[in-house]
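From first to last, the protein sequence lines are chains X and S. Heads up: the first sequence runs through residues 1 to 281, numbered per my numbering. Heads up: the second sequence runs through residues 1 to 255, numbered per my numbering.
Each hint should be verified, as a subset may be incorrect.
[Unchecked claim] So the derived list for chain X, only partly shown, Cβ under 8 Å to chain S, looks like this: (1) ALA21; (2) GLY60; (3) SER165; (4) LEU166; (5) GLU168; (6) LEU171; (7) LEU173; (8) GLY174; (9) TYR175; (10) VAL184; (11) PRO187; (12) THR188.
[What the hints assert, rightly or not] Under the rule of at most 20 Å between Cα atoms (straight-line distance), these lysine to any residue pairs were calculated in the SDA-like manner: (13) S/LYS89 with X/GLU168; (14) S/LYS12 with S/ARG96; (15) S/LYS89 with X/PRO176; (16) X/LYS160 with S/ARG96; (17) S/LYS146 with X/LYS160; (18) S/LYS146 with S/SER181; (19) X/LYS160 with S/ALA31; (20) S/LYS89 with S/LEU115; (21) X/LYS51 with X/ALA41; (22) X/LYS51 with X/SER222; (23) S/LYS12 with S/ALA31; (24) S/LYS89 with X/ARG179; (25) X/LYS160 with S/LEU59; (26) S/LYS146 with X/PRO96; (27) S/LYS89 with X/ARG177; (28) S/LYS146 with X/SER183; (29) X/LYS160 with S/LYS19; (30) S/LYS89 with X/THR180; (31) S/LYS89 with S/SER104; (32) S/LYS19 with X/HIS97; (33) S/LYS146 with S/GLN123; (34) S/LYS146 with S/ALA122; (35) X/LYS160 with S/ALA122.
[Claimed, not checked] Restraint ranges, calculated between C-beta atoms of paired labels, are given here: (36) X/PRO28 with S/ARG114: 43 to 53 Å; (37) S/ASP143 with X/THR195: 30 to 40 Å; (38) X/LEU182 with S/ARG199: 33 to 43 Å; (39) X/LEU9 with S/SER42: 42 to 52 Å; (40) S/GLY154 with X/ARG7: 56 to 66 Å.
I should point out that these hints are in silico values taken from the structure, not numbers from a laboratory. Glycine included, C-beta positions come from ideal geometry on N, C-alpha and C.
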Amino acid sequence: MNRRAIRRLASNLMVGLMVLAVVLAVLPLFFILLHLVLKGASSLSWDFFTKMPVPAGETGGGVANAIVGTLIIVGTASLIGVPVGVGAGIYCAEYPHSRLTWLSRFVADVMNGTPSIVVGVFAWTWIVARQKHFSALAGSVALALLMVPMVMRTTEEMIKLVPNSLREAALALGYPRWRTSLSVVVPTTLPGIVTGTLLAVARIAGETAPLLFTALGSQYLSFRINQPMAALPLTVFTYATGPYEEWHRFAWAAALVLILVVLLLGVGARLAIGRSSVANG
Amino acid sequence: MAEPPARVETDKLTAMYGKTTALRNVTLSFASNQVHALIGPSGCGKSTFLRTLNRMHELSEGGWITGRVLLDGQDIYDPGVNAMQLRRKVGMVFQRPTPFPTMSIFENVAAGLRLNGRLSGAQLGEIVERSLRHAALWDEVKDRLKLNAMALSGGQQQRLCIARTIAPSPEVVLLDEPTASLDPQGTQRIEELLFELKREYTIVIVTHNMQQAARVSDTTAFFYLGTMVESGPTRQMFTAPRSDQTEAYITGRFG
């Protein structure tokens, strides 16, 4: 065997190993999706999306309240968490040597490692216990707290990828620093920031523990942020651990819907980015 | 012929990065409406020197200076001088083309103009066109001003950056090896452009290319190991240098 053949063999072997690694990484995701579709799709119907839950023992009904609740709770959490996270991320990337940056990074890293149930307890202590009733807002605050460090660190990493020459070009034109950041650096890396933010939204949309003793869950459709509210993860939790066969099927379907909502969020935002960059270009 | 009045002068200028001296005790003056070349081997301090002229040096980590830099007789490091305002008068073009990637060709050229506030759309369009014409790019891009600037070739991007730099009507234009990343054709266009530009601006250009300095500049200053060894009219520098080091560098014996 000549050298060339050996090299080709080695190359093919390494490519094969990489393909194997990719397959191994994607396979679990594929099986989870397949399993959810197989178990949950049969229970999906128009009623499932539009009807309220029915008392145990009756058939039919849906989880409209939980879908609406998840959208409200996650939306509110994003409204609180995204501006804070993106802002802090920009600050840390643009002023890497300040003491405040060192402190925020440290706190964010600690927060990233904090179990979500601890954050839930925190929200319970500070909001639920003081107000003396459960509320969706407390859940949103807990989720926002989980979101901030994730959004902050990805924003920072994305901004660091912008070459310094671009920053200098703006500064040399007489741009003040804040304007250099906001009108040159951040737009350049916006798709990255949005993707990072979406990952964070997707992460918190599936969080269950922080909602258990904040939003609590509810059998009714509610738009009042200061009251208990249903949410998809809570529905999955309640139905999956319940005693009825009907509930178990609903839990699978609700889990499928939860994944679909997250997927839709991602696809929608990606389309939005695509459109805006076309408009700029 | 009398010496034209100096536009930019440095007086015993020393530039530091933290405790490291990059440039020692440079006294130089640049007359208006001329092209001034700064030459020397890598790391000799010529780029640092250029960056002190629009106070970009102080944005580098640990960058500070002693001595004075005068623009039309005024010390630009005076506490009363706003560095942002100064940089609108002393424009800069970098080694690699740096168009703003999210902006269109038009928006790139207009970027510096928007800082100076209230211009009507018509005025803006007029200045953008004039700047692009000046940068010898207008004919190539006039039909696609709304296109993203990254769609242009490297040479076109660099001329776009020149258009962006001259759009706010600076007094001085600094160029830091503007042709280092371009092909010969792109280089030639930029060099031709310099002849046009010096009618309106004072130009200081850092170059690694000796022939380029000889072709485009009126005066040349040779930097070596953080000091300015020799300066004078380009013809004299290239035909009868006073210093042995200058001669050795120009004839290609080192650097």
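Between X/LYS160 and S/LYS19, is the straight-line Cα distance small enough, at 20 Å or below? 26 Å, violated
Hint consistency between S/LYS89 and S/LEU115 [alpha-carbon to alpha-carbon, up to 20 Å]: The given pair, whose Cα atoms are some 13 Å apart, holds under the 20 Å limit.
Keeping to a limit of 20 Å between CA atoms, is the pair of X/LYS51 and X/ALA41 held or broken? With a Cα-Cα distance of about 17 Å, the restraint between X/LYS51 and X/ALA41 holds, given a limit of 20 Å.
Just to be careful: measuring from the Cβ of X/GLU168 to every Cβ in chain S, is the smallest value less than 8 Å? With a closest approach of 7 Å, the X/GLU168 hint holds.
Are S/LYS89 and X/ARG177 close enough, with their CA atoms no more than 20 Å apart? 17 Å, holds
Do the alpha carbons of S/LYS146 and S/GLN123 lie within 20 Å of each other, as the hint requires? 17 Å, holds
Would the hint on X/VAL184 stand, with a C-beta cut-off of 8 Å toward chain S? Cβ of X/VAL184 sits 5 Å from chain S, so the hint holds.
Below or equal to 20 Å on CA atoms is what counts here, so check S/LYS89 against X/PRO176. 14 Å, holds
Given pair status - S/ALA31, X/LYS160, alpha carbons within 20 Å: Not OK: X/LYS160 and S/ALA31 at ~40 Å, beyond 20 Å, violated.
Are X/PRO28 and S/ARG114 spaced within 43 to 53 Å by their CB atoms? Because 50 Å falls inside the window, the suggested range holds.
If you check the beta carbons of S/GLY154 and X/ARG7, does the distance land in 56 to 66 Å? For S/GLY154 and X/ARG7 the Cβ distance comes to about 35 Å; the hint is violated.
With a cut-off of 20 Å on the C-alpha distance, tell me whether S/LYS12 and S/ARG96 pass. 30 Å, violated
The structure does not agree with the numbered hints 1, 2, 14, 17, 18, 19, 26, 29, 31, 35 and 40 stated previously, though it agrees with the rest.
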